[in-house]
Amino acid sequence: MATEITMPKLSDTMTEGRFLSWKKSVGERVARGDIIAEVETDKATMELEAFTAGTLIEARAKAGETVAVGTVLGLIGEPGEAAVPSGEPPVAQPVWQPSTTEAEPVPERVMAVAEPPAAPLPSGAGGEEGTRAAPLVRRLAREQGVDLQLVHGSGPDGRVLQEDLERYLHEERGGGEPEPSAGAPAASAAPGEEGGEPLTRMRSAIVKTVSESWRNIPHFYVTIEVEMTEAREIIRELKGSGSAVSANDLVIKAAAMALGKFPRLNASFIAERIVLHPEINIGFAVAVEDGLRVPVVKGCQGLTLKEIAGQTLRLIERAQRGTISQEEISGGTFSTSNLGMYGVEEFAAVIMPPQAAILAVGAIAERPVARQGQLVVARTMKATVSCDHRVVDGVDAARFLGELKRILENPVLMLV
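Its first residue numbered 1, the sequence shown is counted upward by one per residue in this note's numbering.
Don't take every hint at face value.
Heads up, simulated DSS-like pairs for lysine-lysine below, C-alpha to C-alpha not over 30 Å straight-line [as the list claims (entries may be wrong)]: (1) K306 <-> K239; (2) K306 <-> K261; (3) K382 <-> K405; (4) K23 <-> K62; (5) K239 <-> K405; (6) K239 <-> K298.
Worth flagging that the hints you see were computed from the coordinates, not collected in a lab.
Given these sequences and hints, build the entire structure.
Dropping the structure here:
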């Protein structure tokens, strides 16, 4: 009996994907482990691997189509066979299979935070037990006094998405287009009818991520100035010895060492708990033609500076070629962003949820500094850490930056 190949769910935020191409033709034999199709998520291009041998007897999806998670893309079996009844597992899975449940990485340590006093719920608002929804959606529903059982879920298996909740609230409040606020300029045309720029899938993903971050994470920022004279000397010497490293590599290595001492910045706020991650996986922002990628260097706590440099070089090349995988941009526990190469002296970055912090560094430039009462010129860099105040306090951020500064100003510490 033939089995369905369905669009997999490759991330917690994924509700649909774009089918790119078949790697097998209808009537062609498929061996277990063969790559049979290619799909694009909001973050990366993924290959689908067959786990069962057979023949591709039907190809329903067409190149370029956008289909919902769970949609049947095709069938594998023997000629003349019918599809297995609904509910059977698909025979094709992505090469990398991320967690599709709401469970976050199992923490080595979980620190409970004081439960805020429960807000009184209106009648009927407590009936969300049994309704499938992410913790964020449940929390928003509680805040709005909405019984999730009344909300139609458009996600897989009736899962209530944030869009469903927002649509429900809008309809409950009378529907229609929101009235423009007093004094606001009137729109001359509906979006998309005149001018404007449609969102690419990557831009849509960026919009969703940063909007969620800005809406839900209480940010605060702390900045420190780091002298980079010795760091630049290390970069020059290593390059001369054939082991090229960049200033960005130094920042990632130094951040990993500092995070080892201040694990609150290598944490996440998930389901009203603070999760300290045992691994230090540092993402770094890479500008690409149509937006931004954030590859992740994993296990930084056990990598040498040279190993980090090798990984960042490989990941940058894959990100810029558009061949980076979902696995290579997933699992980050802390992030860095560097705009120094564009002459930016100082900026603050938006935290990538559910991470608790991100480090933004600016250009290394000659600046006046005071030494022993004398004004001298030194090469320095501004580093700003953005923190989730639910997890990190100001003193934590200050101590982290102090340790980062100590390491970067004594870069030999990164070589031992």
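Evaluation of the provided hints:
Simply put, K306 and K239 have alpha-carbon atoms about 11 Å apart, close enough for the 30 Å limit, and the pair holds. Distance check on the hinted pair: K306 and K261 sit about 21 Å apart at the alpha-carbon level, within 30 Å; holds. Note on K382 and K405: the hinted pairing holds, with a Cα-Cα distance of about 10 Å set against a maximum of 30 Å. Among the hinted pairs, K23 with K62 is consistent with the structure: their alpha-carbon atoms are about 12 Å apart, no more than 30 Å.
Restraint check: the Cα-Cα separation between K239 and K405 comes to about 23 Å, which is no more than 30 Å; the hinted pair holds. Distance hint between K239 and K298 is fulfilled; the C-alpha atoms sit about 24 Å from each other, no more than 30 Å.
In the structure shown, no violation is registered for any of the earlier numbered hints.
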